[in-house]
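S.K.: Here the protein sequences come in this chain order: A and B.
The numbering used here numbers the first residue of the first sequence as 1 and each following residue consecutively.
The numbering used here numbers the first residue of the second sequence as 1 and each following residue consecutively.
No wet-lab data here; the hints were simulated from the structure.
Mixed in with the good hints there might be a few duds.
Now the in silico label distances, taken between C-beta atoms and shown as ranges [claimed, not checked]:
id, chain 1, residue 1, chain 2, residue 2, range
1, A, Gly251, B, Leu13, 51 to 59 Å
2, A, Ala127, B, Gly87, 49 to 57 Å
3, A, Leu203, B, Ala313, 41 to 49 Å
4, B, Arg223, A, Leu19, 51 to 59 Å
5, A, Arg208, B, Glu6, 47 to 55 Å
Values in this document were obtained by computation on a predicted structure and should not be read as measured data.
No residue lacks a Cβ here, since even glycine has one placed at the ideal position from N, Cα and C.
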Amino acid sequence: MTPIALIPRESLPYLVLPLLVLVALLGMSFSTWLTLTVAGLAMGCMLFLAAIGLTLIFGLMDVLNFAHGGFVTLGAFIVVAVLGTGSLAGLGIAAALGVVALAIALAAGAGAGVGLVFERLLIRRVAGAPLRQILITVGGGIILQQLLIIVFGAEPLPLPRPLALRGSVIIAGAPLERYRLMVCALGLVIYAATHLALNRTRLGLLIRAAVENREMVEALGFRASTLFRLVFAAGTALAAVGGVIFALYAGMVTADLGGEIIILVFIVVIIGGLGSVNGCFLASLLLGLANNYVGFLAPKLALGTDIALMLIVLLWRPRGLLPMDGA
Amino acid sequence: MRLLSEDRPGHWLLAALLVALLLVLAFAPFLLPGTKALAVAARILIFIVLAASYDLLLGYTGIVSFAQTTFFGLGAYGVAIALSGGGGWLALILGAAAGIAVSVGLALAMALLSLRVRAIFFSMITLALARFAQVLASEWRGLTGGEDGLTFSVPRLIAPGFHPFASPILGLRISGTVIAYYLIFAVTLVSFLVLLRIVNSPFGRVLQAIRENPFRAEALGFRTIFHRALASALAAGFAALAGAMLAMQLRYTNPDTTLSFSLMIDILLMVVIGGMGTLYGAAIGATVMVLAQYYLQPGLSLLAAAARGIPLAPALFDPERWLLWLGLIFVLVVTFFPAGIVGSLRARANAAAHPPIA
């Protein structure tokens, strides 16, 4: 009996993450490893924020929104509008966090609002026709991106992070960037909140019920279409929040931001299993960590890491690490 | 009709359009003076092959791929890399063949990997792959010349400076460019007829069955994964062929002309506007789009200049915002006009017999 056989097959995917982290420790010093691990986890949390909306919308509505990247860009431009280009750099830590929280709230609001319009104008017209759905969301994404360029301009906008969120703290000899620690905390909060909202609230119960059996939920007097619209708005709002976090990390915003991130987001949801919240979280962390470790050990390979990881997972589990029924 | 594989246009207007298109393209060097017009005509030919190859996938099999530009680029870079070391026809043919072979292999591998589950996975993976190919072409400077791309010379017979005849024929001084044009014309015509043959074969019927109802097709005993994989391999091969022709005609290749995402949107629009699931639609769509790009896009700047006083209007009509208008047209066509030009004409010709494709 191999040791693997002692572990239930279903929990195997969860073991990949600690395995990756431990194997990486063999190849570098402890302090480097700690820095890279925190950086990787932070990158994973950012990816999770950008990806969770996409996977929720798909899991609950069966809509794959190719315009998701546009909503990430929207959030990024909103934080530029809130923070300006440097006038707020001198804020204290509390005030800086407050401004970021304000930007997140505004971005979420804008993301939800634009998302509702998007759903009304485009998604609803092609319900149940997957091919046209892909096409129309691709078209909608282009329109959204171009409108954002018209409003905010095509030139890259600098976005200096408030001073209080720059710099690092030294723990066990390893410098850990403050902003990355903040991102890790935020990612965990959003993950927990999504989980609780879906599994522990009445609204979440209704949404899950509507996914299982729409007619029955409607027969009980609830409007399934309203529930789905809520999910769509929540998903696009989360994308915009992801945009805020990415923009502050990059320190520079262009209209191509979402288009570049969406590729990573797609890889995340493919690895994690489309529609699965847990899978999305696991895959985001995996991708973030793998990127950072490989970037340190063999910078030239970093480019292909994501694609290679995706191919390996697809060969091993064609439906992703944690397919939807396991979520 | 045998030549068309019994696939009649189905509407007199469509037939007339196609005949006119064929005649204009066949005599373009004599009818349209100037190098720009000839370049536009060559581009139309190349994009007819590219759009038709994509229609095999999107329209006939119902698979959305965003990697058609990747295969197009592979063909173009195959020729570019082979010819940038000098060499003549042999290098050109070997380069094109290598590009096609790599494309077919890659498409097969991708299809077998990702079409096993849901077609939607395939769409996402192709998007990632297309992006990867674009980054690779920009970064791998030693092989691809990076962002600048590769400039090379073509065999003497099709080089612009070559003049085989001392005196003009039918008022045209024959040059290598004209010979290259006719080479492209011949390859396009043959490719189009072969594609027409493929979609009207029993294999093509199975593809359409898979598009309409994959479970039913599988229940009838067809191995859908095999058919889908073969369709994407064929589509990739023809796309690479189109790319090889583009490289040959332009005499340079860079990531922007062959691999960009906006090019992918162009191809999508060509197929959707013309009518998904009809190769004639791909031909019409390619013609309309290429003409629009060459002659309408400059028109936008005139509009922008005219609308200078009105707030926001100049920004909207800026030629840089061309993509906004493409996106709008695309969404409107998908929403209100999903059968495209050819589908709508055919539906009108025999109403109710062929309901529009969803």
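S.K.: Using the Cβ atoms, figure out if Ala127/A sits within 49 to 57 Å of Gly87/B.
M.R.: 55 Å, holds
S.K.: A range of 51 to 59 Å was offered for this pair. Does it hold for the Cβ distance of Gly251/A and Leu13/B?
M.R.: Holds - the Cβ-Cβ distance for Gly251/A and Leu13/B, about 56 Å, lies within 51 to 59 Å.
S.K.: Note whether the CB distance of Arg223/B and Leu19/A lies within 51 to 59 Å or breaks it.
M.R.: 37 Å, violated
S.K.: Do Arg208/A and Glu6/B keep their Cβ atoms within the hinted range of 47 to 55 Å?
M.R.: With a Cβ separation near 52 Å, Arg208/A and Glu6/B satisfy 47 to 55 Å, so the hint holds.
S.K.: Holds or violated: the 41 to 49 Å window for the beta-carbon distance between Leu203/A and Ala313/B?
M.R.: 44 Å, holds
Hint 4 from the list above is the single one not met by this structure.
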